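Novice: Given next are the chains, with one letter for each unit.
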Amino acid sequence: MTHLRYGGDYNPEQWPEEVWAEDVELMRRAGVNTVTVGVFSWARIEPRPGERDFGWLDRVLDLLHAGGIDVFLATPTASPPPWLGHRFPETLPVDFDGHRLSYGSRNQFCPSSPVYREHALSLVTDLAERYGGHPALKLWHVGNELGQVCHCDVTAEHFRRWLRDRHGSLDALNDAWSTAFWSQRYGEWAEVIPPRRAPYLINPAQRLDFARFCSDALLECFVAERDVLRRVTPDVPATTNFMGLQQPMDYWELARHEDVVSHDWYPDPADPTSHVMSALSFDLMRSLKRGPWLLMEQAASAVNWRRRNPPKPAGQLRAQSVQAVARGADAVCFFQWRASRGGAEKYHSGMVPHAGTDSRVFREVVALGADLRALAPVAGAPVPASVAVVLDWESWWAAQLDAHPSGDFDLVTRLRDFYEPLFDLGVTVDFAHPSGDLSGYRLVVAPNLYLVRDAEPLVSYAAGGGTVVMGFFSGVVDEHDRVHLGGYPAPFRELLGLRVEEMVPLGPDEVLTCASASLGEFTADFWYDDLRAEGAEVVATVVGSGADGVPVVLRNRYGAGTAWYVGTRPSPDFMRRLMDRVVAEAGAGPASRPPRGVEVVRRGDVLFVVNHGTSEVRVDVPGDHVDLLTGASVTGSVALGEFGVAALAPALPSGG
Amino acid sequence: MTHLRYGGDYNPEQWPEEVWAEDVELMRRAGVNTVTVGVFSWARIEPRPGERDFGWLDRVLDLLHAGGIDVFLATPTASPPPWLGHRFPETLPVDFDGHRLSYGSRNQFCPSSPVYREHALSLVTDLAERYGGHPALKLWHVGNELGQVCHCDVTAEHFRRWLRDRHGSLDALNDAWSTAFWSQRYGEWAEVIPPRRAPYLINPAQRLDFARFCSDALLECFVAERDVLRRVTPDVPATTNFMGLQQPMDYWELARHEDVVSHDWYPDPADPTSHVMSALSFDLMRSLKRGPWLLMEQAASAVNWRRRNPPKPAGQLRAQSVQAVARGADAVCFFQWRASRGGAEKYHSGMVPHAGTDSRVFREVVALGADLRALAPVAGAPVPASVAVVLDWESWWAAQLDAHPSGDFDLVTRLRDFYEPLFDLGVTVDFAHPSGDLSGYRLVVAPNLYLVRDAEPLVSYAAGGGTVVMGFFSGVVDEHDRVHLGGYPAPFRELLGLRVEEMVPLGPDEVLTCASASLGEFTADFWYDDLRAEGAEVVATVVGSGADGVPVVLRNRYGAGTAWYVGTRPSPDFMRRLMDRVVAEAGAGPASRPPRGVEVVRRGDVLFVVNHGTSEVRVDVPGDHVDLLTGASVTGSVALGEFGVAALAPALPSGG
Amino acid sequence: MTHLRYGGDYNPEQWPEEVWAEDVELMRRAGVNTVTVGVFSWARIEPRPGERDFGWLDRVLDLLHAGGIDVFLATPTASPPPWLGHRFPETLPVDFDGHRLSYGSRNQFCPSSPVYREHALSLVTDLAERYGGHPALKLWHVGNELGQVCHCDVTAEHFRRWLRDRHGSLDALNDAWSTAFWSQRYGEWAEVIPPRRAPYLINPAQRLDFARFCSDALLECFVAERDVLRRVTPDVPATTNFMGLQQPMDYWELARHEDVVSHDWYPDPADPTSHVMSALSFDLMRSLKRGPWLLMEQAASAVNWRRRNPPKPAGQLRAQSVQAVARGADAVCFFQWRASRGGAEKYHSGMVPHAGTDSRVFREVVALGADLRALAPVAGAPVPASVAVVLDWESWWAAQLDAHPSGDFDLVTRLRDFYEPLFDLGVTVDFAHPSGDLSGYRLVVAPNLYLVRDAEPLVSYAAGGGTVVMGFFSGVVDEHDRVHLGGYPAPFRELLGLRVEEMVPLGPDEVLTCASASLGEFTADFWYDDLRAEGAEVVATVVGSGADGVPVVLRNRYGAGTAWYVGTRPSPDFMRRLMDRVVAEAGAGPASRPPRGVEVVRRGDVLFVVNHGTSEVRVDVPGDHVDLLTGASVTGSVALGEFGVAALAPALPSGG
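Chains as they are written, first to last, in our numbering: chain A, 1 to 656; chain B, 1001 to 1656; chain C, 2001 to 2656.
In short, the hints are calculated from the structure, not lab data.
Possibly wrong hints are sitting among the right ones.
Said to hold, decoys possible - Among chain C residues calculated to face chain B with C-beta under 10 Å, some are:
1. Ala2176
2. Trp2182
3. Arg2231
4. Pro2234
5. Ser2633
6. Thr2635
Claimed, not checked - Simulated coverage check for chain C against chain A, where a stretch passes if three residues somewhere in it have a Cβ under 8 Å from a Cβ of chain A:
7. 2070–2084
8. 2350–2356
9. 2427–2439
Quantities reported herein were computed from a predicted structural model and do not represent experimental measurements.
Virtual Cβ for every residue (Gly too), placed ideally from N, Cα, C.
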């Protein structure tokens, strides 16, 4: 990469053809160099089964290419046309309650449907063959925001095939699903079905395997398309756009099968702390394939799908876009180029808003184009991190099944509990799969690892000198959601030097007072483990209440390394103190400790500073820099106003 | 009309025949002169398909007539008998989720069902032929509270026929529905269906057309019955009872097809401000056909369908009934004469309560009969108004579709925001359709006109010297829910002298501080428009916060008239100050400015004063009057206790 | 009974056979003498239709017997295997909305299904024949927590047969169901169906009869199994486990058909007042067959099905178990012996927890075994009570139908309103059916008797010298949910000496101030009756507000007895004062008036004192006692710490 891509979803089929030329002219004015075409074009390309209408798309691609605009071409398979659902109702998805969903929206397909897949692949083949050689084509954009789930009988048959592959025999499935409980033993394969609405709690291992299956079924859909595309255009990479922390698909697995990671991200303008979860999602995207990624969709201003959808305040779009680049994005793109006049998403803002080009939004879009040109030097550059946060989709699926100690347990919240203090300290993190290679990190944080197939990688990592921090409700079950017996968290008990007898969820108004000799007093809520140290040093305990003296933060030397356990949910303030110490002890710093609301992150040799707040701040940046965005020299510190940003490259040594 | 009708729904089939004679005697004692018979009698009249049992109804009508009681005879088509649903399940409605609803309640029919319609019309024909000449018959009461919606396949076929009529071609429908978005293009008519449960947002133009269709389908049901009745009894008028501000049916359209407007209204006794919405609903009813209307149903005391159903406090029934007469009612009727012993509405109060005639409720019913006799002079008289509030059902349907800037936007609340200050000022208003004749009004208030087919009537009205007040989220879309581009509200931008770039919904706890040089400081919430004046005078702006300086109230001279824009939701106190000024400038007064909670409204030459509060008040009424209710002379002012009322006719000039 | 049974559900099929021997050893260590086997074993015993696999169960029962452990053997019919739902989908239940529920959970059967019943009875027959003579077998445990409801067409046919039996003719049904309202008259039997999702309110009499039918259908299932068991093993008693205050089944009726009452009870450890409802449920269980009952299930610590599931604090299990024995339990059992490793209830604690035997929970389980051995002297002893609280399932069903004066009316809350002050006073109560024999009681409390078939028993009871206390919303309807006319509560007006004209539900924030000359001032909320005394003495009235002077507590001499009426919901403090006086006047004491949170109850000649609070208390216990649990002498008073208990037997007179 020698530059950053800038652009957005371009849906010319929504507009009269005479608008297209104006579009290209405005794109050039804004510095747009890439657009995604065709995401929702199935019905336009194939208005009736088997027909093909490519003429309009030929003209669009030629026009873009003539204007110097590259194209990410979508396979339009996420949104089948009405005729598919009408003629083949079996392609429509069935929900948990047994309702077959209708067309009239989007995404209405059963991922297991051979009829859907056949129609989709036929179209993808023709699309690839027609445009594989088009000079504007730079990337295949497969489908859109995969996440469909179906409970129909076709899915059931597919699920059974998948289960046979996974478990081998029905006896193994009965064992894995603990069907001896509640008289659920299956006597023949035909009896096995997806989870469906039932009188009471559903078998959790069945639900867990169904979550795995759903992810795999979508992966099959993706791979089937990718294989067609690879066959026809072996040199054109393929992606499918992710959506941050979404449960339905295991993004680690999906990322393995795509060529580049792309990401759709929509922070809420009404949330003044949204930049924290943005950073988290960007770090995750960068980690999935350990490299640059594409911000495939963001909004120029408001979205349309929240209860309240305010526009972005002036300047926020720039701050958010630079934040993405700072954390590894090589593209900054939008849904969508031109705000729709009609349809379900017309109040989703566009780069060209309803108000037209004489508008704050369009002026910011033009300015952002110039900023991104100035940031070209970071394209392709890595973002260094010495801390990894562990995230595992199957553990997530299992941890949020029902009938657990707390129905309020939310993995994303738990990730944030540990991520935010690191963010506040200015420590950049990667994400890692628990079975992945952790050797490059000084510190590995596991906010939650409820399900553990194999504890060995983490245990070895610590034994070899690494530092591990682990949160509660970890190490509880195996891959079949069966409890590791003998006291929680059995697979990590030795590593952590402790034993949990019972887990204690707290009421919404319950607050614990805790104390640590080294880290001071603090409050905690939500949960605590009734545990005792078995070798670990007790760093903090509950004070008073029925839990007086129960350890809540522990530290255990293990082999050449260290393992911390946080058995409650301490206040954010304490979490910053704790992580500051952990980072320092692990040598995982430096911690830049920027002012609150300010983000500091290094990409390549450029130090990005972003003020997500509304007050002016001054941030220390030791040494001499040049701000790529302004060309100004910066020495020692930089002042940033509301949504201010700086991209500080090392100043060339001056003569003299 | 030379008198006011007084009575209620009379359901003698619920009681042994020996009770009927007592009923008539008690009606006479209470001054009841009219009852509605047969609303729920289908199964009694037609116990098995094709049978007819009219004997009991003959006796009821004869008995009533002998007692001097007039009859509104209902076509009992709102509640089909069990045999219809049992034998013809296709007549049962299907909901959005695809559930076919059961009988065992009421209203269980698909308005598009030919089987339902055929059975209904056959019964209506026989009913009309049997009783068309009965001397007690004064009015046909068609069905009951129309509002059924169905999503079944029969409805789908009907919907397609309706869409063909409306759009002509499938290309036109695809264009109108913006189906280029999300790959929704229809390739043949058979694919087009009602909105049904789908994976995500439904096409809004499809939903809007379906709302129109549902209203029209019910209208067809009404017209089909009315045509039978007109053929048989050309001189007997027909109505169907409305329910105030109900979304499913366009009451403007329905009112055009009936002979007189009738209204069911149930204020909540637990709401001390319910009289405001009562007034609003009564003004709407009066406006639908520009004349007197019938209060067809109210409750003598408690209802049964709210979460909590307290009885009316002593005196409130009288105040509410007189309020209806003051605002144009020529009838005051109840659901129902005798409270049921059994069934789903037995806790809905009756004129004769469970406790019997030795009860406060029955005594109030008797007293009300006398009051209504005293108010006979106002029967048929008009209620003058120089202000019109604009209300358009299709705009309402569109404004409350989903995926909008604010999911909390509620048209009824917006109407009240503008109606209540006028009510508080003692200014009587009419309602008007935006394409209606506005020439008789000094002031036209459009709290919201989200969907605009044709801005011309309002614009011309202002150009010709009228004053218009418009609220935010107006002028946004065309009849197909497609945005009018170029800055909101495009069709009214010239009229209003301003341009909105973005719409800003506020959070539930966000409050703006605003200031106006002429009208003082105030707070506002819910929403503001990010707008700039393009010619309009800025009357008020936001002060402080991120929106500092944004105009929120503007005033524009346009032609010979004036247009005001209110781009936020000011506090009620400011709205009173603002509307006081607007009314004064427009010459739309006089504003009587009664004490809080007191209603002052003129009908014919009688000035009604109603105290809806619990404290004694004294109200200025310049001149000499006689209170029709008491015969007392009133000079200069009148004192009213809790729920006190006065009906002040001009005193005849005394000799001397 | 010469001892108390101690044990729990034992599900060895969840564990490898090598664990079984350890189980028996641990049971013996804990003092377990009885376990329930087979509750969820259908699929294990009958893995395919018609097969039988009893070998494992033979080994389990033999092993238990060899270890000296008695067995309650379950008929595993509550949880059919997957093959039943797969091969016979008509056995799966259909919910109110029309969804056919799936297997994959438990309880998925239609109680009316002949296919289900045939398979269930065939299995029960074989089970009885195989194990009827096993020496370990002491009790049949039929099904599990009966409560299934189904709305399918097979159920509809069964419902119609039941209705024919009940009503005789369709005319009688039409009359009973008040079908004249809303045109619901049935013309033939085939039209009659269960309540199903409909456009609006469902006929309440239909819903009431359906509630009766559902209870009877489950009763049929129970009786069918019991008859098989009685035929094969006439000497082995049968029970089915109840769940306290559950609406679906009329436990009075079910208890009549079983040999002993058993009870599953799960107080929430997060609720510091849960012991009150525990006491209430225990008193109810004791009353159902007027004798000892079995605590068939409780949790050793946490459960898994609430939103938050904390463990029990140390000591609470003991206090709760002793409480059950004090109120008549002859068994203290658990769900389940060993906490599951997998499945939907793995976080439901077991007597052997996940942490194993080196755990607080297991240590408490062992200690409890010793405590129960010490309490053997009370086995079989009665619990004397001179107060009865009236509870009637069909009135409960009717009182909680919809479209009532208050949708927040909850019978269980109403029971507690009257039960808790009696509990606080240390007055032990029985429960009684309103048509039952009340002659043995000094005081009968009817917190609510909405539906009254026959007022005579209560009226006669008072006339004969008894004291009755009745709460509001009583005596309103007959057995067909038709109002008793003439002023509420018509059947009790003479008894109570008053007449209610209207019922007034209050808003959630409304509080009445009330005053009583003899009992002082108090507040009240939720409801008041607009009533006037007709002979009764007014004990308390509302003061101020719109209800000033309305009587809310009245006392009426009737025959040789007294009737009190409480027409509002007074504060708990006033309820204690009121019930203290009522108990004293009725001679229904003595009231021991223990400290708050302390329970005092006599069983046989043992006085139980239980401290449910966390503070140490001293409780007066006149006379000389020996604490069965400790052997300590107690004279005059006893001190109890957190969750402390004492079981005080009279001290044998010492020589001297």
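Novice: Of the hints given before, which are not true for this structure?
Specialist: Per hint list: 3, 4, 5, 6, 9 violated.
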